[in-house]
Amino acid sequence: MHLQSIIIAVLAFLACVSAQACVGRPRNPSCRGPRDLGTRGRRCTPRTMWYYDPRDRQCKEMRYRGCRGNNNRHCTKAACESQCRR
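Sequence positions in the sequence shown follow mature numbering (1 follows the signal peptide of the UniProt record, and there is no 0) and run -19 to -1, 1 to 67.
Careful, some of the hints might be misleading.
Said to hold, decoys possible - The following label-pair restraints were derived from C-beta to C-beta distances:
id : residue 1 : residue 2 : range
1  : 44        : 8         : 19 to 27 Å
2  : 23        : 64        : 28 to 36 Å
3  : 15        : 67        : 18 to 26 Å
4  : -12       : 15        : 44 to 52 Å
Bear in mind the hints are in silico, worked out from the structure with no lab data behind them.
Cβ coordinates follow ideal geometry from the N, Cα and C atoms, glycine included.
Make a model of the complete structure from these sequences and hints.
See the structure below:
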């Protein structure tokens, strides 16, 4: 019975973590285009994101303003590097 409770708790935790989407992530992240901070707005949530700089061939941090912008925007440095640094 105790093991079953632990398994249920772990599954609930994993479901919660996987349900948290990356706010500001475009539907189709890209490695092309310049850094684009987006725009500000009442319903826009600023956050730290990453973009790929093809000239330096590196993923760099930026402060995304929360709305619009191009698709060269990634939630984490690791996500940016895995998609863009091939």
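Now the hints, each set against the structure:
Between residue 44 and residue 8, the C-beta spacing of about 21 Å keeps the proposed range 19 to 27 Å intact. Judged by the Cβ atoms, the range 28 to 36 Å given for residue 23 and residue 64 holds: they are separated by roughly 31 Å. Checking the proposed 18 to 26 Å range against residue 15 and residue 67 shows it holds: the Cβ atoms sit about 20 Å from each other. Roughly 47 Å separates the CB atoms of residue -12 and residue 15, a value that falls within the hinted 44 to 52 Å.
In this structure, none of the earlier numbered hints is contradicted; all agree with it.
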